[in-house]
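Colleague: Turn these sequences into a full structure, and let the hints guide you.
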Amino acid sequence: MIGRSFELPELAERFGLELKGSATAPVFGVATIERAASGQVAFLANPSYRKHLPETRAGVVILREEDAASCPVPCLIARDPYVAFAKIAALFDAVPEPSPGIHASAVVAASARVAASAAVGPLVSIGDRSVVEDGAVIGPGCVIGEDCTVGAGCELIARVTLVTRVRLGRRVRVHPGAVLGAEGFGLAMDAGHWIKVPQLGGVLIGDDCEIGANTTIDRGAIEDTVLEEDVRLDNQIQIGHNVRIGAHTAMAGCVAIAGSTRIGRYCLIGGGAGMVGHIEICDKVLITAMSLVTHSISEPGEYSSGTPIQSSRDWRRNAARFKHLDELARKIATLPQAKD
Amino acid sequence: MIGRSFELPELAERFGLELKGSATAPVFGVATIERAASGQVAFLANPSYRKHLPETRAGVVILREEDAASCPVPCLIARDPYVAFAKIAALFDAVPEPSPGIHASAVVAASARVAASAAVGPLVSIGDRSVVEDGAVIGPGCVIGEDCTVGAGCELIARVTLVTRVRLGRRVRVHPGAVLGAEGFGLAMDAGHWIKVPQLGGVLIGDDCEIGANTTIDRGAIEDTVLEEDVRLDNQIQIGHNVRIGAHTAMAGCVAIAGSTRIGRYCLIGGGAGMVGHIEICDKVLITAMSLVTHSISEPGEYSSGTPIQSSRDWRRNAARFKHLDELARKIATLPQAKD
Amino acid sequence: MIGRSFELPELAERFGLELKGSATAPVFGVATIERAASGQVAFLANPSYRKHLPETRAGVVILREEDAASCPVPCLIARDPYVAFAKIAALFDAVPEPSPGIHASAVVAASARVAASAAVGPLVSIGDRSVVEDGAVIGPGCVIGEDCTVGAGCELIARVTLVTRVRLGRRVRVHPGAVLGAEGFGLAMDAGHWIKVPQLGGVLIGDDCEIGANTTIDRGAIEDTVLEEDVRLDNQIQIGHNVRIGAHTAMAGCVAIAGSTRIGRYCLIGGGAGMVGHIEICDKVLITAMSLVTHSISEPGEYSSGTPIQSSRDWRRNAARFKHLDELARKIATLPQAKD
Chain A
45 MIGRSFELPE
55 LAERFGLELK
65 GSATAPVFGV
75 ATIERAASGQ
85 VAFLANPSYR
95 KHLPETRAGV
105 VILREEDAAS
115 CPVPCLIARD
125 PYVAFAKIAA
135 LFDAVPEPSP
145 GIHASAVVAA
155 SARVAASAAV
165 GPLVSIGDRS
175 VVEDGAVIGP
185 GCVIGEDCTV
195 GAGCELIARV
205 TLVTRVRLGR
215 RVRVHPGAVL
225 GAEGFGLAMD
235 AGHWIKVPQL
245 GGVLIGDDCE
255 IGANTTIDRG
265 AIEDTVLEED
275 VRLDNQIQIG
285 HNVRIGAHTA
295 MAGCVAIAGS
305 TRIGRYCLIG
315 GGAGMVGHIE
325 ICDKVLITAM
335 SLVTHSISEP
345 GEYSSGTPIQ
355 SSRDWRRNAA
365 RFKHLDELAR
375 KIATLPQAKD
Chain B
45 MIGRSFELPE
55 LAERFGLELK
65 GSATAPVFGV
75 ATIERAASGQ
85 VAFLANPSYR
95 KHLPETRAGV
105 VILREEDAAS
115 CPVPCLIARD
125 PYVAFAKIAA
135 LFDAVPEPSP
145 GIHASAVVAA
155 SARVAASAAV
165 GPLVSIGDRS
175 VVEDGAVIGP
185 GCVIGEDCTV
195 GAGCELIARV
205 TLVTRVRLGR
215 RVRVHPGAVL
225 GAEGFGLAMD
235 AGHWIKVPQL
245 GGVLIGDDCE
255 IGANTTIDRG
265 AIEDTVLEED
275 VRLDNQIQIG
285 HNVRIGAHTA
295 MAGCVAIAGS
305 TRIGRYCLIG
315 GGAGMVGHIE
325 ICDKVLITAM
335 SLVTHSISEP
345 GEYSSGTPIQ
355 SSRDWRRNAA
365 RFKHLDELAR
375 KIATLPQAKD
Chain C
45 MIGRSFELPE
55 LAERFGLELK
65 GSATAPVFGV
75 ATIERAASGQ
85 VAFLANPSYR
95 KHLPETRAGV
105 VILREEDAAS
115 CPVPCLIARD
125 PYVAFAKIAA
135 LFDAVPEPSP
145 GIHASAVVAA
155 SARVAASAAV
165 GPLVSIGDRS
175 VVEDGAVIGP
185 GCVIGEDCTV
195 GAGCELIARV
205 TLVTRVRLGR
215 RVRVHPGAVL
225 GAEGFGLAMD
235 AGHWIKVPQL
245 GGVLIGDDCE
255 IGANTTIDRG
265 AIEDTVLEED
275 VRLDNQIQIG
285 HNVRIGAHTA
295 MAGCVAIAGS
305 TRIGRYCLIG
315 GGAGMVGHIE
325 ICDKVLITAM
335 SLVTHSISEP
345 GEYSSGTPIQ
355 SSRDWRRNAA
365 RFKHLDELAR
375 KIATLPQAKD
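Chains A, B and C, in that order, are what the protein sequence lines are. Just so we're aligned, residue 45 is where the first sequence starts under the numbering used here, counting upward by one. Just so we're aligned, residue 45 is where the second sequence starts under the numbering used here, counting upward by one. Just so we're aligned, residue 45 is where the third sequence starts under the numbering used here, counting upward by one.
It is possible that some hints are incorrect.
It does not matter which identical chain is used: a pair holds within one copy or between any two.
Only pairs whose alpha carbons sit at most 25 Å apart, straight line, appear in this in silico SDA-like list of lysine to any residue [stated by the list, open to error]:
| id | residue 1 | residue 2 |
| --- | --- | --- |
| 1 | K131 | D268 |
| 2 | K328 | T338 |
| 3 | K383 | A89 |
| 4 | K131 | R214 |
| 5 | K367 | H147 |
| 6 | K367 | Q354 |
| 7 | K131 | W238 |
Quick caveat, the hints were computed from the structure, so don't treat them as lab data.
Modeller: Below, the structure is given as structure tokens:
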């Protein structure tokens, strides 16, 4: 952390929050409500942490109106304390500002074009006809193939691969190990051998998207694989060819979406969930962790599959019965019914 | 896309297809049946897209005999339209032909051997005693360790790692981020601490295999981990040490196979499926997405596990009952039975 | 393999094992009990391989006392044959010893510090204020960002990324493609758009940990993400921000742990298992493969979820019934009960 500090009234004004309590010292960092010391900003959003409020020693706590009375230190009142915290914490995020220019060890094709204000780090390779626009940052070890575009203000943190025909909008962030534009899994069985179906499309990523570490997004077979604006993908997600993901949808780690599936806007997909190919999910669908979606969903709402965790001893008994559940149900139908 | 174009009679002859309708203009690319314009090749394989046929404006449609009558434009009759499309689309796949030679930024060990016809891209590292054979292409950022062989005509797209003792057959394609030959997860508990079991084997990949982006294949503990010929692995698959996969088997994304399991030929493993270690799966087994295989399978056929997706409200009620399914079944056995 | 060989009495003495049978020739490698030839060391730990013992042609077999009588060749008696094998096999593991120094193609920031006894391989990048301690090995293609520490004796095999504020203890091994210290998935919805919650913490990895290929460990939001000593993670595991994993816990491939979850010591997590965020798992918990843990666990023991693998035909019938399991249970409650 570096030595930036802020007075509480300054924070209140800057972010439109109400300050309660007598502001004594400036703050210079953030901490959890449980461990914060004076000089640190904490927040209370999740009610399960409310128990720590009476003892907190934070310099200031960002919280909802109704929690202000129990706060022993100054507080900033926010309708959404987590959002306010996100904005204030950003003040303390000492992100290094890379200087524009191309590192001497980078290998840039003659037909590629890199904006003067962009920063290309060490050991980067950029292929034919690719373009890096204003203010974009290409971190160490990235590989950009042919015919790609990295939009203005994008950041490829490190060791990202854009294979071919990948176009990133503005301010897209891609984390290390992500691979965009690899060949989709297009195969046809021909006389006992697999033959490859050429993958002639690309990948189109909207403004403000974020792609997690080691996530893979295949390029389209004929048309493009598309992420609309502000889509947020966590780590180790797999997006098949020709998938389309609506704006503002977010997916937790290890989700897998098979080819040609279309997902709506403002969906939330839990970690490890899967979707088969060629289905459509409407807007505002929430899928819980490790569920498998095998058909289209046309009603907003929350969906699940799987069974609950139990001791293996109990689980084994129940699982054995699951194998014969249909028989059991048929048997029940044959039992004498209650009389009225 | 580049400017290659083909006359329809030329395509018909080249791929042994029957041309129906009066061929007017040449074609210069591919498109979906829904969006194709004149000058583009479309295909109809999946019956659910048949509804788009009467309105298609494609230059030509590849389809089955029985669909020809409904086609408003010229068509090419194929027994398997998807296979025919794959072959025709390949004509339009403008794959850059890398020139042979070793890029100046690559670091190649003195004891390594690279064929004169192979192409080694920028920022590649090749370790001691490794061999790159005729016509192989090693894309930017790949790391090849010690004692590896990259067979003739292989393509390592970019940022692939072969750790040690990895031997690729001919025409193997490996996508970015894949890691072959890492140490398997061999551990033994010794007096409260884990100790490492040395992983002395390698990885052997047959001809014409394909390995997806960010897929990992561990090297064997004593003998090799083996993929026979024409095995196709999608992205983010994990193959444990000493697994053996039979020829022509294909796996969709995110499959995980634990150590020493043996899988037969012509199997199809759905996305996100898993297999425990030390089991045997016979030829021609199909596993549906996200199923877990916990025992050997000796009969060809299709296998599944899991529960169907439902609204979370319904699911929670059913899942709560699953936790007591054995009790329920026992209770049913005590109920009065129907009399004949 | 290189030409090291060992006399059997020498092995017995070195590892405190009893040698039975007349030791004739030295051994120079390891093999499975089924395939070993004279001159090779085999072992028998798993009873299901006992059938191969009478026919083995190994130079020596490491086994338990009770199997000695059935062994046709010399044997070394061990309480835990797998542990003894691990130690003996290490003698034959010809790990290349990289020479200290920084490869000419590596790019090291002026403010970074690399110990004279450390080895930094080709095409490595090391950022500002990072430290590589005594005897550490940084393999080809690794990217180390800002403010990281690689402890004494660590090994980053190849193409590993440490993003920022990652501190590795001593003798930590990290396999290719792993990404430590990427931004956690911290998002808040603000007026219909996602905003980023800054991730100001780091990653702290204890001594003797091992991190598998393509595994990702996010840095903490406020405090650190922590692995205590001797934690062993297999490939393609995802560890969310602020997770804490207790000493000696091991996880098989493709496990995913969501943010802020705390896991105890000596836990074993099966392949593909998942845990939701903000829960606590006590010591000595075993989770079977592909189970989802949705609540805290406070009792040591084995836990499972899911349903057994079946033919899809049977599975579909049972799965259809699962969707109405609650109704079925309610119906049973209405049936006439048995009279005493």
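Colleague: Now look at each hint and say whether the structure bears it out.
Modeller: Now for the hints, and whether the structure bears them out:
1. Proximity of K131 and D268 under a CA criterion of 25 Å is satisfied inter-copy only: 20 Å between copies versus 35 Å inside one chain copy.
2. Taking the closest pair of Cα atoms, K328 and T338 come within 25 Å of each other both inside a single copy (18 Å) and across two copies (23 Å).
3. Taking CA atoms no more than 25 Å apart as the test, K383 paired with A89 passes in neither setting, with 54 Å inside one copy and 55 Å between copies.
4. For the homomeric pair K131 and R214, the shortest alpha-carbon distance inside one copy (21 Å) is at most 25 Å, but the shortest distance between copies (37 Å) is not.
5. Proximity of K367 to H147 under the C-alpha cut-off of 25 Å is found in neither arrangement, the shortest distances being 61 Å within a copy and 59 Å between copies.
6. Proximity of K367 and Q354 under a CA criterion of 25 Å is satisfied in both settings, with 17 Å inside one chain copy and 7 Å between copies.
7. Within a single copy, K131 and W238 get their C-alpha atoms only as close as 52 Å, which misses the 25 Å cut-off; across copies the closest is 12 Å, which meets it.
Violation of the numbered hints given earlier is confined to hints 3 and 5; the remaining hints are satisfied by the structure.
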